[in-house]
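Starting from the known structure of chain A, arrange chain B on it as the hints suggest.
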Amino acid sequence: MNNSQIIHGVLSTSRYLPRLRLERSSIFAEHRWMAQGLKSLAKGRRTVANWDEDSVTMAVEAARALLANFSGARPVELTLASTTLPFVERINAGIVASALGFGNELAVRDVTSSARAAFTEVVSALRHAVPEHRVILGAERRVARPASTQEMIFGDGAAGVLIGFGPAIATYVASHSVQADFVDHFRESGSDYDYGWEERWVRDEGYMKIVTGAIAKCLTSAGLAASDVAHFAMPAPLSRVNEAVAKRAGIRPEAVVPTDFESVGDLGSAQPLAMVDTALRTAAPGALILVVAFGSGCDALLLRRTEEPISERAADDGRSETSYMKYLSFTGQIALEWGMRAEIDNKTALTAAWREGAKISHFEGGCCSDCGTVQFPRSRVCVNPECRAQDTQDAKSLANVPAHVLSHTSDWLAYTPCPPFQFGHIDFEGGGRVLMEFADTDPDELQVGLPLRMVFRVKDFDSKRGFRRYFWKATPARGQ
Amino acid sequence: MATGIRDKVAILGMGCSRFGERWDCGPEDLMIEAFNEAVADAGIAASQIEAAWFGVCLEENNVGKTAVPLAQALRLPRIAATRVENACATGTEALRGAAYAVASGAYDIVLALGVEKLKDTGYGGLPVRTRGVNNDLWLPNATAPGAFAQLASAYAAKHRVDMADLKRAMAHISVKSHANGALNPKAHLRNRITEEDVLKAMMIAEPLGLYDCCGVSDGAACAIVTTPEIARSLRRDAETVTVKALELSVSNGEEAGFSNWDGAHIATARTAAARAYASARVSAPRSQIQMAEVHDCFSITEAVLMEDLGFSESGRMIHDVLDGVFDRDGTLPVQPDGGLKCFGHPIGASGLRMIYEIYQQIHGRAGERQLPRVDLGLTQNLGGHPHQNVCAISIIGRLGA
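Residue numbers (the working numbering), protein chains in the order written: chain A, 1 to 480; chain B, 481 to 881.
Chain A on its own, in the form it takes in the complex (with noise of 0.2 Å):
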């Protein structure tokens, strides 16, 4: 890192998929009474979010992976872009930048309504350059109507690039943006699925000319011809339309960069940052990379792989999911009779989760300057019994910091969309006890001792006004 240049260009990439990993013969198995067609597809698994999972905690998670190695960046700027944010009014992207505990001082936006939206805000952050850090996270949890097409080929996950000066693993060469009011699929504000139009009218009046059009004018632009991309990504909703693409704007077939359609499906408009991550961790240093992002028009983008080393991604296959219906009951596709103690009120006292907005958000506890004892929560008392001082304590939050078991049970009778609804005990290194919930937890894997690290997730679901909040579970720390 000593020799790392300080420059204007993308200074990290990350991807963040949820770990269950739902079996497309599972769904085809439900389906292949009625849509025989969908066996072509029924290949591999993609991914699914869980139950407490939304395009926000994603979007938290992949964040959290993509500033691994910033510690302590304060972006000036947090862009959430996704199709599927949980709420329409109240910025996400805030919730977001709480839960990072990026303070107050910064803007967040939201942007929405194209699987390139992303992309988009990437493209545009490298075209001008400010001195500053700026985030910008892809999330989708896109639902699909049952045995249709997108059903199999959608994945849950988010994935972020940081961009601003510093030790850039790529900087920009060049870039060219479509707008085109090309109506492939559209969502109307409040409906559940997309409705489509046909797949082979997409491929050969969208892709075919609006992409390969972009393509061009981007190469021409830099000077550079298509035989000097090493890497081609662009995500492919529709089957290897980017081989063809590819094909066709005259890119080595080898170049292209795989989907990974078959261990986790698209992303939507995580999907374009995900390939950029993908590419970048496989580029030769000096590597160009195309990345294109196409919807209602389309991005084109020239990026250059600096020598700055990036590690390799880690392996991970998650866990294989082979319920449909539980799929179908997390997604809201179907009401399973659940008793009468999922009626429970999760109203929630806005006044009160404003006052504890840090506590919530950022898991932010305390710890004594008397004696060092971290507590969570906060409290105006210390503690620890031989200290009580008052008004001592610094905020210290746990969000980061490891844990691990001091006690836990798997609850039967506990609603839970998901049960058995487990929680426990959880020590922190360095002092801090907390009974938290355990999430992406296996039946049998919890036992006291086990490493722990947070995850920000879905407490509870307010079905009757349509709000929903927020805290941090306790997940295994696998392989770390």
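It is worth saying that the hints were derived from the structure and are not from the lab. Using N, Cα and C, we set each Cβ at its ideal position, and we do this for glycine too. Among the hints, a few may not be true.
What the hints assert, rightly or not - Pairwise CB distance ranges (calculated):
1) A:Glu337 with B:Leu879: 54 to 62 Å
2) B:Gly605 with A:Arg109: 41 to 49 Å
3) B:Met682 with A:Asp192: 33 to 41 Å
4) B:Val730 with A:Asp391: 39 to 47 Å
As the list claims (entries may be wrong) - Which residues of chain A face chain B? A partial, calculated answer using Cβ under 7 Å:
5) Arg341
6) Ala349
7) Ala352
8) Ile360
9) Trp412
10) Ala414
11) Phe423
12) Arg433
13) Glu445
14) Val448
Showing chain B alone in chain A's frame:
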């Protein structure tokens, strides 16, 4: 200088309704059932009661707030009445208020009554409810079995015992409570079960199965208290039963939020027990106390309490339980009436129900489950969860014991 409660308050009469799923009874019926028994036992007129303490925990599920429901049900003649609530320790809390009122000299004859009508929720287990707007933002929506199940994982880890051995001891506890409950005509659950039944039962919150959990019941219990002098004058022929200790210990967040609790015991029970033993002048509880009614909301709770109350050495509970020490014919019978497990757990009544059993045993009125001789008995009544709770301990005995 405070001199404590020992022998300052006598129990003049007690009553306890049948516990169970009393579909045909409302709280008023349950209160009357317990009260009529107590007034008849005390041999006084209802009009002689000068003040009352009323215990209800989940008032939103039954009677609503204030002490008015008690005054109304019993048509008390506009005397002072106070409603108390300290979660599952509410029943003992009602007695504590009444006992202090007598000990202070403010009143001669005072009523403590606890009632809970739980079976109007439409589902099994305790009602789900808010924990307060701030806590709801971050605390897990834990059930009672889930919270108490934590004890088992931590106990097994701390004492390095096999979970299978711990579960056997827990099963023994439940089998014993069912055997005792079978002898109690007022008990909610009167069927006998086997260790195999317990171990094979449906899982509720690991490792607690169905038979590791107490009954959720409707019921009421009450005590009429006075001074020992008045008790002797009113009931010259009867044994005078007095309060030897009445102690309360309340968590301050240390177990939940500091690092000095092992998760495997009830810290407040140790504190309250130490104070209660000092008050009752008990130095060797296992030999000096002839019976105990503890808060066996779950088998694991009773198990760890055996150590917290000084009945077993640290780490020896499993051996003592399996050796039958706490069986009805053991050296220190625990839950001879069936306990929360089988007598049932109408929350506001439970603390008084425990004392009722000691009172009946001292008077030799425990029927088929009568113990040889009880001079001193202990009740331990727990409100809340292992990491955050209210623990009430009473020691009740013969005057002079």
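Evaluate the given range 41 to 49 Å for the C-beta pair formed by glycine 605 of chain B and arginine 109 of chain A.
At 46 Å between Cβs, range holds.
Interface hint check: phenylalanine 423 of chain A, Cβ to nearest Cβ on chain B, cutoff 7 Å. Holds or violated?
Check passed: Cβ of phenylalanine 423 of chain A comes within 4 Å of chain B, closer than 7 Å.
Should the hint that alanine 414 of chain A touches chain B count as held when the rule is a Cβ pair under 7 Å?
Holds, because the Cβ-Cβ distance from alanine 414 of chain A to chain B comes to roughly 4 Å (cut-off 7 Å).
Agreement of hint arginine 341 of chain A with chain B interface, Cβ distance less than 7 Å:
5 Å, holds
Given hint isoleucine 360 of chain A near chain B, where the shortest CB pair must fall under 7 Å:
Given a least distance of 5 Å, the restraint on isoleucine 360 of chain A holds.
Return the status of the interface hint for alanine 349 of chain A: holds when the least beta-carbon distance to chain B is below 7 Å, violated otherwise.
Status holds, d = 4 Å.
How does the Cβ-Cβ distance of valine 730 of chain B and aspartate 391 of chain A compare with 39 to 47 Å: does it lie in that range?
23 Å, violated
Does the Cβ pair glutamate 337 of chain A, leucine 879 of chain B satisfy 54 to 62 Å?
57 Å, holds
Could you see if the CB distance from methionine 682 of chain B to aspartate 192 of chain A stays within 33 to 41 Å?
37 Å Cβ-Cβ, so the 33 to 41 Å window holds.
Could you check if arginine 433 of chain A really has its C-beta closer than 7 Å to a C-beta on chain B?
Constraint on arginine 433 of chain A satisfied, holds at 6 Å.
A closest beta-carbon separation below 7 Å is what the hint needs, so does tryptophan 412 of chain A meet it against chain B?
6 Å, holds
Satisfaction of the glutamate 445 of chain A interface hint, Cβ to chain B closer than 7 Å:
12 Å, violated
Hint violations for this structure: numbers 4 and 13, all remaining hints satisfied.
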